[in-house]
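J.: Sequence:
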Amino acid sequence: MVINKKNTRPSLKDIADLVGVTKMTVSRFLRNPELVSEQTRNKIANAIEEIGYIHNRAPSMLSKASSKAIGVLLPSLSNQVFANFTQGIESVTNKHGYEVLISHFGYSDEIEERKIAMMLSYHVDGIILTGTTHTKRTLQMLKTANIPVVESMELTDNPIDMVVGIDHEHASYTAVKAMLSSGKRNVAYFGARLDRRTKLRMEGYDRAILEFGLKKHHFLTHKHSSFTLGRDLLERALTDCPDLDGVFCTNDDIAIGTILACLEKGISVPEKTSVIGYNALDIGQAISPKLTSIYTPRYEMGEKSADILLDSIEGKRSQQNVYDLGFTLTKGESFIS
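Residue numbers for the sequence shown follow the numbering used here, beginning at 1 and rising by one.
By construction, these hints were calculated from the structure, which means they are not laboratory data.
Glycine included, every Cβ here is placed at the ideal spot set by N, Cα and C.
Some clues are possibly wrong.
To be verified - Here are the simulated SDA-like cross-link-like pairs (lysine to any residue), alpha carbons at most 25 Å apart as the crow flies:
#1 K215 with P159
#2 K136 with S76
#3 K95 with E271
Claimed, not checked - Per label pair, the in silico range of CB-to-CB distance:
#4 H218 with K68: 30 to 38 Å
#5 E50 with T221: 54 to 62 Å
#6 N32 with T135: 17 to 25 Å
#7 E264 with E50: 23 to 31 Å
#8 I54 with S268: 22 to 30 Å
#9 S11 with L194: 46 to 54 Å
#10 S226 with A45: 44 to 52 Å
#11 E264 with T135: 55 to 63 Å
Let's have the full structure, built from the sequences with the hints guiding it.
T.: This is the structure in structure tokens:
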């Protein structure tokens, strides 16, 4: 068979000519295979595999009442937190035959706005957002689109539609209070990027410190989190607070970097300086001492977000619209109560 060289991608006509059926039959197979006879289905499927045909879903997405696709906005593609979250989403969408369109906005509300406009142009059936702060235009676009929306990873009393997450302020308060209750008195907060979740965690730290009548020690940066950043923040902290005996970190990357830097300096962890991280990533259990951290149910947040979004799309919406999935303080070795 000779395929039209003007368009290197095989077309419906190429498949139809190879099988000896009409383009309409091939199109019907792609949309509703059960409406095509088994013999013809097998022939078309074999032809598709033989010539490497790729179905273009865009026209049908734009023309149908339901696109069978949802949009997911992620602030980072390199952070393990969002990989786990996305796995949870796809564990649900795969079972229900939905495609997931993923877009990255780099923690920028303005870029998120543009990405959402693009998602809506593809007529997605619903959207999952990772956060609760958005531009005015984003809120207006989502209101006009009139589709189900789930905000995730954090909580708000006034969601756009539905929200799934954890109370970051209370999680941080719990961790820092545990440190202070163990006798630590010079506990610092290491924060990076300064997005909303970082600030919520700092608020929890502040509440615990003030409750004990102690001095706050914030060491913050707009840089991306890394092990090296943990080392840099520890250097700053030891200069400003020589009696440092505890560090609460906004994530595990910084916490691990802090522990490694302490060990390099001969500072015993947790005896001299305790360290608690956030998210409880697996890598924290591969170092010695093992990292104590706040466990966040990332996979479950993705799973629940997809569950309630698809239920809403399919007209099975619950009266509940706020879902707090909770957290736990792990029993590591970098802090012992």
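J.: A separate judgement is required for each hint: does it hold in the structure or not?
T.: Results of checking the hints against the structure:
1. A hinted pair counts as satisfied when its Cα atoms are at most 25 Å apart, and K215 with P159 does not qualify at roughly 34 Å.
2. Between K136 and S76, the direct Cα distance comes to roughly 22 Å. Compliance with the 25 Å bound is thereby established for this hinted pair.
3. Restraint check for K95 and E271: not satisfied, since their Cα atoms lie roughly 49 Å apart, outside the 25 Å limit.
4. For the pair H218 and K68, the beta carbons lie near 47 Å from each other, so the given range of 30 to 38 Å is not met.
5. As the Cβ distance of E50 to T221 is approximately 55 Å, the hint placing it in 54 to 62 Å holds.
6. Roughly 40 Å separates the CB atoms of N32 and T135, a value that falls outside the hinted 17 to 25 Å.
7. At about 60 Å, the CB distance of E264 to E50 disagrees with the hint of 23 to 31 Å.
8. Against the hinted window of 22 to 30 Å, the Cβ-Cβ separation of I54 and S268 comes to about 58 Å, which falls outside the hint.
9. About 50 Å separates the C-beta atoms of S11 and L194, a value consistent with the hinted range of 46 to 54 Å.
10. Here the CB-CB span from S226 to A45 is close to 48 Å, well matched to the stated 44 to 52 Å.
11. Range check, E264 to T135: Cβ separation about 43 Å, and the 55 to 63 Å hint is violated.
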